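Protein chains: 2
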Amino acid sequence: MADIIQPRLLKGFRDFLPHAEMERAALLEKLTATFRSFGFVPIDTPALEYAEILLGKAGGETEKQVYRFNDNGGRDVALRFDLTVPFARFMAEHYGELYLPFKRYHMAKVWRGENTQRGRYREFMQCDFDIVGVDTAVADFDILATIASAMRALGVQGSKIHVSHRGVFNRFLDRAGIGEKSVETLRIVDKLSKIGAEETRRQLSELVGVGIADEVLEFIRPGDGFSATLDRITRIAGGSNPDSDRLAELFGMADSCGLADSIVLAPSITRGLDYYTGVVFETFLDAVPDIGSVCSGGRYNDLASLYTKQRLPGVGASVGLDRLLAALETTQAGSKPAGYVKFVIVNLDSALAGEYQAAAAEMRAAGIACEVFPETRKLVSQYAYSEQKGASFAVVRGVTEKERGVWILRDLASRSNTEYASLEALISAAASEPRPVGDTTAP
Amino acid sequence: MADIIQPRLLKGFRDFLPHAEMERAALLEKLTATFRSFGFVPIDTPALEYAEILLGKAGGETEKQVYRFNDNGGRDVALRFDLTVPFARFMAEHYGELYLPFKRYHMAKVWRGENTQRGRYREFMQCDFDIVGVDTAVADFDILATIASAMRALGVQGSKIHVSHRGVFNRFLDRAGIGEKSVETLRIVDKLSKIGAEETRRQLSELVGVGIADEVLEFIRPGDGFSATLDRITRIAGGSNPDSDRLAELFGMADSCGLADSIVLAPSITRGLDYYTGVVFETFLDAVPDIGSVCSGGRYNDLASLYTKQRLPGVGASVGLDRLLAALETTQAGSKPAGYVKFVIVNLDSALAGEYQAAAAEMRAAGIACEVFPETRKLVSQYAYSEQKGASFAVVRGVTEKERGVWILRDLASRSNTEYASLEALISAAASEPRPVGDTTAP
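In order, the protein sequences belong to chains C and Z.
Note that my numbering has the first sequence beginning at 1, numbered continuously upward.
Note that my numbering has the second sequence beginning at 444, numbered continuously upward.
Hints listed in this document are in silico derivations from the structure and should not be mistaken for laboratory results.
Dumping the calculated DSS-like pairs for lysine-lysine here, alpha-carbon to alpha-carbon at most 30 Å:
#1 Z:Lys507 x Z:Lys624
#2 C:Lys109 x Z:Lys507
#3 Z:Lys552 x C:Lys109
#4 C:Lys64 x C:Lys191
#5 Z:Lys752 x C:Lys378
#6 C:Lys30 x Z:Lys473
#7 C:Lys64 x Z:Lys552
#8 Z:Lys603 x Z:Lys473
#9 Z:Lys454 x Z:Lys507
#10 C:Lys64 x Z:Lys507
#11 C:Lys181 x C:Lys194
#12 C:Lys64 x C:Lys11
#13 C:Lys11 x Z:Lys752
#14 Z:Lys821 x Z:Lys845
As the structure is a prediction and not an experimental result, all values here were calculated from the model.
So here's chain C without its partners, still in its complex pose:
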């Protein structure tokens, strides 16, 4: 026999065992249902593309992190490191086949050879959704409403979307005479929650002087509600303008839908990325503020300028799936997720194999997920397995039960048995039980 190869994973890469994968699947399914209910449609793009295309716009940091190599045909290829660049390439390439506005979602893995020491992974899943081809308040709000709806669908109690507008900030910076330092200023302001007000003030003072630093701090100060804050930043930015009007429109729509409490005007939100040009936002959970934003994004005025002369304005967001999974684990701790099967049909006698399978088929036809234990083993071992699978009940029928003409339903939690005169009676009794959370097999 050959030597054993030691099974092991690359650093920064993960297996998902059933429990973890079921939690991730449940999260993705709830997000998917939300996206669909808002009219987003799915696309997919390859994991591997020409390096030139993926890295066209990327700076040195990205280049160092990307998995890039020559394929067997000598092509210079790379694994995608995000879903934005492939989406831009996709829109440019298929522009003639698509209709605008185009609302898409995309959930897929990306790869970055990052330093893994800070709990970062080299393979992780991203989840992006965007509306491309229009520049309107309705589209901006659609993204915010989708986020709010997704949080509700996930059972998250208390989430706040912190919203701001790059344009209003830039108007203020121009008015303060530091327009040419906007990128550096935005970068400092963006770190506010991490470095604190004092350090922000110090860094800003160094960049633009103490007086203007204080104006910036006054601009980004958290306010007393959306309207009051909007009034203040509009005034500081030099009065009413299309960008502040956009924020007012957004708030009006939020108010109409009962979402006013979920949306906070937070002028300190700027988002680090240079390509946002309009509304920007981050989403925080009241219960786990330390975890940071679980869904962030904003408006950009041109998605695919690298690949097409066609101008494509858009607005979109990215869900931080790993953060959100961690948050759900914290907030929903103790609520043991149900398995996919509600019933395990115990296997006591191989002569009854056909009967067990017929019972399983009948239960599935009634919309009940179940499985036949695939081996005759001791009852205690089959019960232990059933509990591992997250089932609620075991169905017990051996030769004795068959002779007596009964089916036994064992409640795995209470360890109590109930006898039924027929499988139908057992099924109809079980059907009145509440359906387990994880059971998605209903027709």
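On the provided structure of chain C, position chain Z as indicated by the hints.
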């Protein structure tokens, strides 16, 4: 402005536009629901692994096709080329954390730098499901019943699972005195449907002589039903034995579940892969026989011998997703799939933006997927968009309708309008409409 980079894909790689991706998603969701209803649970493994681990058992052909490179840390890595090798590594690595029998499904992309000329892709999705840790007829049958159930869930009319047993064949070969030529014999027999009976006879005669070639052909001859065929091959193989008993058990269970007509004993099925040791099977669709098997697999006696001394017998199958998608396209041609949204709320006046959003929120709360058109445009353009999205209805309300206190429901297919005195009345009228096929947003 920088030069435009021509957007293009690597040869053998595909984008999935919304229509194609929605069809793929619908297929995967139906398969997922079926797997769950039988107690299979999901896992995930990395796309990238140590080349040594992925290629440990692979021969020259596989090595040539694999995407293998040195990562930035100088590690010799490769993209997975199937889901079986990673599953074997997974079972060895997590043996202590898992319970047996272990029933898992895994749907994920794999990569092979194959010749793309025969319509093969270099990136494609695989879908595998297995039961590991037992060697029983119940487990074998579970896989067959899952396939039959999946075909039903997909709406496929008339599918047949062709089943055979490697062990029965090997017993016959041993009896005929050509046991040492079993691999070559199985390879020739496996090509029967491609090369025809005459060529099979010629190749077999060359290998084992005319007399034994004719015995082989008699063994693999299609029979007149499961029992008659089983009797014949059992007799030719030297009489009743545990392997022919296994086939009889399978047929007994199929009969108990009303699946006897879906399962065909086809002794010519051998499956090319060396690692199958027991039951083997392929699935054919009556309506599109030319497309070949859409789901194939079998029993193996040791999954992970490369990575662990722990013996792991199992049985499993792999769904040919691309073939199945092509088959569904052929058999369900003309049935235009519905979009995710049933309603588009037309945008006639930005002053009514809040009202449109409130209406959308109310409809979604009633379980109806809908979207607000994100821009004020001509009606005809918004209707065209609504049809592109596969919606059934447009909801029309401008200033005039608001003054008149009405909501208009436009049936996009018949181009007829109906007035309602309230949104609630419109919703309840719409709720009585049959739900579109693609709508999965129900709570």
